Every structure is written in structure tokens, then in C-alpha cells.
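Colleague: Chains as they are written, first to last, in the working numbering: chain U, 1 to 297; chain R, 1 to 185.
Keep in mind that the hints were calculated from the coordinates and are not lab data.
Predicted model only: the values in this text are computed from it and were never measured.
For glycine and all other residues, C-beta sits at the position ideal for the given N, C-alpha and C.
Some hints could be false.
[As the list claims (entries may be wrong)] Quick partial rundown of chain R residues pointing at chain U, CB under 7 angstroms, derived from the structure:
#1 G17
#2 H18
#3 Q34
[As the list claims (entries may be wrong)] Cβ-Cβ distance ranges computed for the label pairs, FRET-style:
#4 R:Q89 x U:A291: 54 to 64 angstroms
#5 U:A157 x R:S3: 54 to 64 angstroms
#6 U:G294 x R:K172: 50 to 60 angstroms
#7 U:R119 x R:A158: 25 to 35 angstroms
#8 U:M1 x R:K52: 46 to 56 angstroms
#9 U:A156 x R:A26: 23 to 33 angstroms
#10 U:L9 x R:S3: 29 to 39 angstroms
#11 U:A291 x R:S93: 53 to 63 angstroms
#12 U:D132 x R:Q64: 48 to 58 angstroms
#13 R:G17 x U:Q147: 48 to 58 angstroms
#14 R:S73 x U:A291: 51 to 61 angstroms
#15 R:Q64 x U:T235: 37 to 47 angstroms
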Amino acid sequence: MLKLRSHLLVAIRAFFLKNGFIEVETPVRLPAPALERYIDAIPAGDWYLRTSPELHMKRLLAEGLAPIFQLGPCFRAGEHGSRHRTEFTMLEWYRIGADYLDILADTEALVRHAACALREERLAGWPAGGVDVDAPWPQLTVSEAYQRYAGWDPVAAFDADRFDLDMVNLVEPSLPRDSGIVLIDYPAEVAALARRGAADPRVAERWELYLGGLEIANAFSELTDPAEQRRRFETCALERAADGSEVYPLDRAFLAALDEQGLPPCGGIALGVDRLLMTLTGAADIGAVTAFGGESG
Amino acid sequence: MFSASDLRKGLKIEVDGHPYVITEFAFVKPGKGQAIYTCRIKSMIDGSTQMKQYRSNDKIDKPQLEEKTLVYSYKDGDHYVFMDENYEQVLLSESVLGDQRFFLKEEIEVNVLFHNDRAIGIELPIFVERKIIHTEPGARGNTATNVLKPATIEGGYAIQVPLFVNEGEIIKIDTRDGTYSERVR
């Protein structure tokens, strides 16, 4: 398995280098982890371990370095299960002048490239993963998915209480087990750092890739408006305070970069490398695809 | 109180005033959403199970449980009477004990579990020995060891035993599932 993992990492790097991307490494320990309502950071001294490299990578984009990708560890407190580890490997990439659909085209090409690279290794006796990643990925809007599987439309009338529960209990279990699908156009209430839809402002330009029912990646047409970004951070800080969660300081350096240099229109994505490897090898537990996975937190 | 992040397999929690133990546990967290902790919980009173989901901010009650070692004394109508070292009596009904009642013997020590000072169950020694009071003789010449036949032990408990076990013999019974373990003599 660890040899396959090595092949996957090599295939990912080869794919991006071939497509003109620059590999970057941004700080793993930071003073201000990205504010997200349901993502908790692990303290490291007076600072925190990163939950994602997103804000630093966007600062590089604001400086004009693009397109960029990064492969490395991220840490999220309290996330442990058959599909979660507190420490996991994230792949993020960003393109200037691109939107979430351009990023989707990248993702399809990347996953196929990676599957092809691993398939050669699997000839040595490793069982196939059971998910056909070469078949086209249909796109299903979040609105359609909830109407079909949960009987309501979160875009027409958002219900924060039901959204996550129905996603876990009704929507995700209905997604195909043997192929990929893209859930697209999330309600603006769960936009995170995505910009609102140009055609329909009730939705955010965000999609998530599911392979065999497993959530693999989350992509946005990135929010670039500094005022809107500041508002979302402040709302999130209030929500976290109301939840009794720790409220991290605002990332002032990131907001200053948006104000001063400005973030050009761009698209970006975060992809769970461990989960991609699970899909490609048929592993049922994330611990099986990482070194010392049984011991990891 | 427990918070959702304390939940794990084997943890004992209280739901609607009843004590439960978590027998299956899964952590899921949909993209950018809140963590959802899915548990199968088993009632510590009647063994019934149900699914329960908690979210990150949920608080879960902690049951007030206590275990005491008591001595089984005697049966009084539908009730089984246990005593502590001060001869204080604790009564458990037939419905709470279920099949465990057949494996009680006067003067044996058992662990009695209390929830809010109410006795809700007992923990027996894993093995007890009982005499077969009735079983048909095994078919002659049939030496297969995995074929079972019905038998009745003292107290009236019905059990499946191998063909070679005869009336009047003593067998060892596993009290966890009430099955035959081995022949003693």
C-alpha cells in the first residue's frame, strides 16, 4: 500500500508540473487558522497547526504566483473515524482567471491520470477499488439532490438544522457506490469561501466530488471581494462564539493582501489525498492507506 | 454531562432517564458541515437497541451507575432477594433477570448494577454447573459431537446439549448466552 501511495504522490506532482503549476510550501504552524464554523484547529505552542493552506496560498496568488499547488499535512481537532484522521494529507491547487468549472476539468484529468498510474501497479496483484473513475461524473445540483433524496429544497428555503443531518442520512447514502458524481451549487448559507453564483445569487459556486459515495474534494470559484470576505469571517466568529467554540483571531495579513494587492478572480480546490487513495485501492478505512495509520490520531 | 466528542464505543450514557451503552459508533462530517456522531445504543435495562445521532454541540447525560457485590438469598414470589453485608435486602423482578434467574443459586455472590439507586441487572459468574433433570437418551451409535438435543436443567431452564449427555449428569453453562459449555460428570 505504501508503494501505491508513493506512486500516487509522484503521479500528482507529475500531473501538475506537466500542466505548468508551481509547487509551493506554506507554513504548517500559523497564528490565525481559517475561520470556519465547524473546523477546529489543534494548538501548537501559542499558534495553531493549519487546518488548510488556503489563506496562505491565496496570498501567493495575490502576489501573482500562479498557478500553484501544494501537497502536505493538515490537522483538524476531534476528527477521527473510518474516513477521518486529525492529521491527513491535503492537495490544494489554485488558478487565476479560472472558476469552479475549470477546476472541475483539472480534477477529472488529475483523477484519471492518477488512476492510470496506479492501475499499472495494481497488475502486481492489488485488487481494484470497485469505483469506475473513468466513467464521466454526472453533475447534480444540491437543490436537485435534496429534492430527490430528502424531499425538500435547501436553496429555496435553507434549514441549517436539517441540512447536515439529511446530507449524512439521506443524500450521501443515495450517491452511486461504483462511480463518481459531483454535487454542485451549494446554498449560499454554506458557501464557506466561495463566491455567489453569477446567474443565481441564492447559490454559491461550490462543488464537491464524491467517488463511490466518499467525499473527495471541495472546490470554489473563490471569493475575492475583501468586504464580503471580512463580513463572512465576522459572521463566522459570532457563530463560533455562540456555539461555544474557540474563536480564532482574524487573519489580518490575508485581509490586508485582499485590500492592498487584491485577489484576482480565481478558482481553487482542496482534495483529500488519503481518501483518493482509499477509492483507488478499495480500502475501507483511512488508516489502511497511511503509514502507521492504525496508531495515528 | 458528556459532550459529543466524548462519545465512543462502550461509553455508558443516559437517554430519557434510561441507561444505555454505546455498541456501535461512527464519526461522520459532511463537507464543511458539522460533525455527526452516529451511535447504536443498547438499553442496560431491557437490552433493546436503537440508533441515535448527536451533533457537535449536543450535551449527553451521564448515568449515575453503581455496582455492588451482593449475595443471592431466596426467591419470594416473582422477586429474587439479594442481600448486602448489612443484611439490607435488594429485590429484582423476574422480568429484569430474564434467563439469568435460572443460574442463581443460594449463597452465590453476584455483582448487582444500580442506576439512580435502583437495581437494574446482575452480573453472574461466567460459568455455573447444573444438573440435567430431563433429556431423552441419545440415539445409539451416533457419535457425532455437533448434533444437539433438548434437555432441561434444575429450575426448568431448557437448553440444547450434545447427544452423549445423559439425565442426572452435571454440565457447565456459559451464563453470558445461556448455552452448554461442557460436561462435568
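Colleague: For each hint, tell me whether it holds in the structure or not.
Modeller: Taking the hints in turn, this is what the structure says about them:
no.	hint	result
1	G17	24 angstroms, violated
2	H18	23 angstroms, violated
3	Q34	5 angstroms, holds
4	R:Q89 x U:A291: 54 to 64 angstroms	59 angstroms, holds
5	U:A157 x R:S3: 54 to 64 angstroms	30 angstroms, violated
6	U:G294 x R:K172: 50 to 60 angstroms	37 angstroms, violated
7	U:R119 x R:A158: 25 to 35 angstroms	58 angstroms, violated
8	U:M1 x R:K52: 46 to 56 angstroms	34 angstroms, violated
9	U:A156 x R:A26: 23 to 33 angstroms	31 angstroms, holds
10	U:L9 x R:S3: 29 to 39 angstroms	37 angstroms, holds
11	U:A291 x R:S93: 53 to 63 angstroms	55 angstroms, holds
12	U:D132 x R:Q64: 48 to 58 angstroms	53 angstroms, holds
13	R:G17 x U:Q147: 48 to 58 angstroms	38 angstroms, violated
14	R:S73 x U:A291: 51 to 61 angstroms	59 angstroms, holds
15	R:Q64 x U:T235: 37 to 47 angstroms	40 angstroms, holds
Hint compliance for this structure: hints 1, 2, 5, 6, 7, 8, 13 are not met, and every other hint is.
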